[in-house]
Amino acid sequence: MENYIDLINAYLDQSLSESEVLAFENRLKTDTEFNTIYKEHLIVIKGIERTKTKLEINDAKANFIRGKRFKQVGIIIGILIFASLIWFLVSKNSAKNELEEILNFETEMIQSFDVSTDSIISIEGKKGTLIKFNPKDLEYQSKKPLKANNLSIILLELTNQQDLLLANAQTISNGKILISGGAFKIDIKVGDESLVLKKGKTISVKFPKNTNEDEMQIFYGKRNENGYLNWNLSEVQLKNEKHFTILCRDSIVLDEEITRAFGGVETMRQILKIDTLGFLSKNEIRLRFPKKLGFNKQKDTLVLLMEYIDSGSDAFDTNYEIIDTNQLKEIIEIYDERNRRGSNSSKSTSRINENYKSFYEAINISKLGWINIDKFSNEEDKITINLKNNLDFNLNTHTEEAYPEDSVWHQTYLIDNDNNTILNVYSSILEIPKGRKFTIISCCIVDDTFYLSRQVIKSNKADTFIIDYKKRNKSQIKSLLRLDTNSTEEEKPKQKRVTTANKEVEAIIIEKEVVDRKVSNKNNTISFFKSNNKEPQVIKVNTEEDFKITLREGTKISIPKNAFVNDKTGKEVSGEIDIQITEFYKLSDMLLVDLSTKSDDKLLETGGMLYVEAKKNNSKLRLSPEKKINIVFNTSGKLNMQLFTGEKNNDGINWKLDKQTKGIEAKPAQEQVDYLIMSNEPNSFTFQSVEEVPIYPGCENSSNAERKECMKEAINKFISRKFNTSIADDLTLTGKQTIRTSFEVDEEGNIGKIEARASHKEMAEEAIRVIELFPKLIPAKQKGKSVAISYYLPIVFKLEGETLDQPSITIKSDKAFIKTFGEKAISEIGNSDIERYTLATSNLGWINCDRFVNSKKKKIKYKVKIKDADGANVKMIFKSISSVLPSERINDNYSFGDVPIDEDIILLAIKKNGDKIFLGVKELKTKVISEIDLNFKEVTVNELKAELYKLNKGFN
Amino acid sequence: MSDDKIMVLFKNGKRNKAFWELYKLYPRIEKLILSKGGTKADANDVFQESLIILNRNLEKSEFKLTSSFYTYLYSVSRFVWKDNQKQFSKQELHNLKAEEVSILDAVLEEKKYQTAERAFSELGERCQQLLQRFYLNKMSFKAIAEVMQFKTEKVAKNQKYKCLQKAKDIYRNQFKTVQS
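Here the protein sequences line up with chains A and B, keeping their order. For the first sequence, position 334 matches number 333 in numbering that gives the first Met the number 0, and the numbering has no gaps at all. For the second sequence, position 68 matches number 67 in numbering that gives the first Met the number 0, and the numbering has no gaps at all.
No lab work stands behind these hints: they were computed from the structure. What you are looking at is a predicted structure, and each value in this text was computed from that prediction instead of being measured. The hints are all genuine.
FRET-style restraints, in silico, Cβ to Cβ: (1) A:Y139 with B:K59: 46 to 54 Å; (2) B:A142 with A:N57: 20 to 28 Å; (3) B:F87 with A:N2: 38 to 46 Å; (4) B:M147 with A:I78: 49 to 57 Å; (5) A:L54 with B:E121: 14 to 22 Å; (6) B:K39 with A:K198: 36 to 44 Å; (7) B:M147 with A:S83: 54 to 62 Å; (8) B:E121 with A:S83: 54 to 62 Å; (9) A:S151 with B:F87: 52 to 60 Å; (10) A:Q140 with B:H93: 50 to 58 Å; (11) A:K200 with B:K39: 35 to 43 Å; (12) B:Q164 with A:S16: 25 to 33 Å.
Distance condition first, Cα-Cα at most 25 Å in a straight line; then the derived DSS-like pairs of lysine-lysine: (13) A:K175 with A:K366; (14) B:K4 with A:K53; (15) A:K53 with B:K39; (16) A:K38 with B:K111; (17) A:K60 with B:K10; (18) A:K53 with B:K167; (19) B:K137 with A:K38; (20) B:K175 with A:K45; (21) B:K89 with B:K111; (22) B:K156 with A:K45; (23) B:K111 with B:K96; (24) B:K39 with A:K51; (25) A:K716 with A:K760; (26) B:K10 with A:K53; (27) B:K110 with A:K60; (28) A:K51 with B:K165; (29) A:K45 with B:K111; (30) B:K4 with A:K67; (31) B:K167 with A:K28; (32) A:K45 with B:K141; (33) A:K53 with B:K30; (34) B:K35 with A:K60.
By construction, the Cβ of each residue, glycine as well, lies at the ideal position given by its N, Cα and C atoms.
Construct the entire structure; sequences and hints are all you get.
Shown next, in the form of structure tokens:
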């Protein structure tokens, strides 16, 4: 046995010779006993080997576990070191923290909402911010999925300077100053853990619009270690919301038919309940409002106001408003209107006043936290000012490095008095925009004493200002941080506020006030009108493409590509430009900016005015000489309108007929190519189709056919005799010229509704002039009854030379208007005649779609002395036509030039005395009078506007 | 560390390092065993057994690892655990796939070595040391005699023979009881 083992060992050690190995392996095959011994031996050896492997494994395991422990211990040690570091810093910064805590009222403004995660969440902040999101789009910062059942949403709405100040939210983006339209903070939390949005997911937020500043952008913000916010521009586009507003949360559609059948017992056809508050998407609207309500008009979002109550009362949920489809539509339109123009005082709309808010379009944001609606402040001249303080410490504190030894932690704000801009100050040398007024508020804690300073500075030149700290009680802070939020609206005396400022500053301010007063005394009313400028609509246009847009009040504008050149250099501009357009269709709008309708000494009737300005990067543009802008005024029922361009100065505006204008085209005519199809509502009978044609004087033949021929001939003769062919010569026309005309012979045999289409305006006008001279006819008859007919009349000339293809224009006469002026028949024409004017202009600036008023009435020189006029701006408004006349003033005598006699007019006077506005209105007829008392009464700006809106009704 | 790198470690004889790397897979194997009703100690044993089997197979020239270490260790652990629990049904054994059959073979083979190891561990300490020195450390009888203070080489050799025979006897007995 022992030998076997030696042999096996030798075999396994491979120390046997080749022949011995062969012999060994042979024996394994033949000798079963030997084989068994060998196998057993192997197994036992492997068993022994296992002990070694096990040792190795255990070693490795021990190492592995040790490594893991070490890591854990390492982390714990790391945390401890970190914590102690923070503790160290915190204790060092205790003064800073105390001050920050005292000054930051952020927590007081926080609104918290607790919501469940089982559905889409939609919340509204106190100031109107609407947030909508799906909880499924959220996750923990560690990317773990959200499993909680409840969320809390933390919302901070800083919509004005005061809020920004109290929350220590400065408005700066990497050194560039911003003008804020509101800063917001949105945090969504589970317990204390903040959630983030999953990649690619967004939440929908609708921010209230708190500013009239345009071109606001979205910025995301971050506080640095010193608590200063910095904002970074995002790519999110912000647009003003276009929406319709429904007043009530629930609408009931009254079934009028059944109601009538039941003798007035109101019967509902449909009850619409809107139980989701907030803003709805197009599809949601469609679902909630079935077709019957005709909501196909809505554009992007529809705001559903949750309350429909008088302010002060809160019982609204049982108080359904009963409205039918049309009313609902009407209300929607009213509110759409209101949204454009601000407050109104009509009866049905006043109820909503308090609840109405203006919004930006809902946007999708991908980051939670600080969000700001801002725009960069314009590039301005800057000056450097130096700040010192009466406590003599170093104001250079919060640099990236350690604080200078002699510094004290202070919190200093620089607040722009005219813009919504707040900056943190942490350096004694500041660069600020020139020529503005700033409030500096600064606080610090020195030796446990709290100091505060507040003063107003004006940045006229580089200067040194001394921050004059005074001891204060900490509890007073909030009141000391109170800003006069009205300060941006009007320059008010700020004497009181200056009390804490030093003498130097005081002197500057008083000086400023004196200047203000002088200016305001001189031009009180002018400044009033200037301050009331209607907010223009700004349109971004890419100059490389033709562009068409319909403005808010219906004006359509089309701009060809590459139409603009720089006003100064004359070079063509490319890329995106801003076009600012203000529409004036309403009397109130015109009055508020001191517009009138007068061309030299002639009275105009307006079909709407526009003010157009084009800019690229704040440099003014004008139209390139070959290019024209097409404008379709939203005016109907007024014929023969022409284009006027205006020049505005302090005494009002004067309009001049635009000579370059190609003329006036009735819009539908543009599309007609060959045969004249009238834009007038065609009469059901024509000269060809009517049973008995009209009878031209001298054509009283027996048969209808003869009368027809006779009339044609007579008309041709008449035209060839009366038509002034020298016009064609003046225009150097050649070849065959065709003027296609049409007119109506009405039931009484009068000629009216004349239209002419020709290659030149002058030719068309001449044709109309001639047709207007036609004698009165015996009217056409159908079945024995007098009827109106249409008559189509081509007028053909053959001149020497080539016939050229020329574009033609259509001119319409308005004989009826001339005839009936003074009899207030305008509205009748307006209804039958839905026309809009396409005008092409090559000038920007003030543009007016007007016509001269050709009244056949006697005219008088209208001059009147107005009691207590005090330099008031007085205008004459014609009740029957859309005309406003300005006056010339000599002391208290106001002269309006020549005006038709016996016209119903309104005299409207606005004067400003100090801060007070006075309004005087009187309705009267134009007669020779000497003196009049307009009973001036004091009004607020809003009351004034409301009074002016009232006048809109009779003016169209 | 990638499987390839671990394989290199094995090839270079750096088993200690390789095992250390493979231990990173342990938590997942532990989960498996715990889910099957085992304890942490069971999991530890199972994983150790799997590593031994892996190691043994790697030493075989004909063995090729066709899957990742994790997959292999997972399967082995599963079989080891099942075998320990004697949970194999006939049906199950019948339906095994080829790779599974080879794993089961390895597990069953290893059981013999386990028994041998247990037999070995029943020897006296001196016997164990002697055998380990001779078989594992490949020491000569001369060196062993010096270290273990045997009078002569011959005495050491004789002593080793006796120890081995004893181990074999114990193994044979244990194996019989296991078989029966």
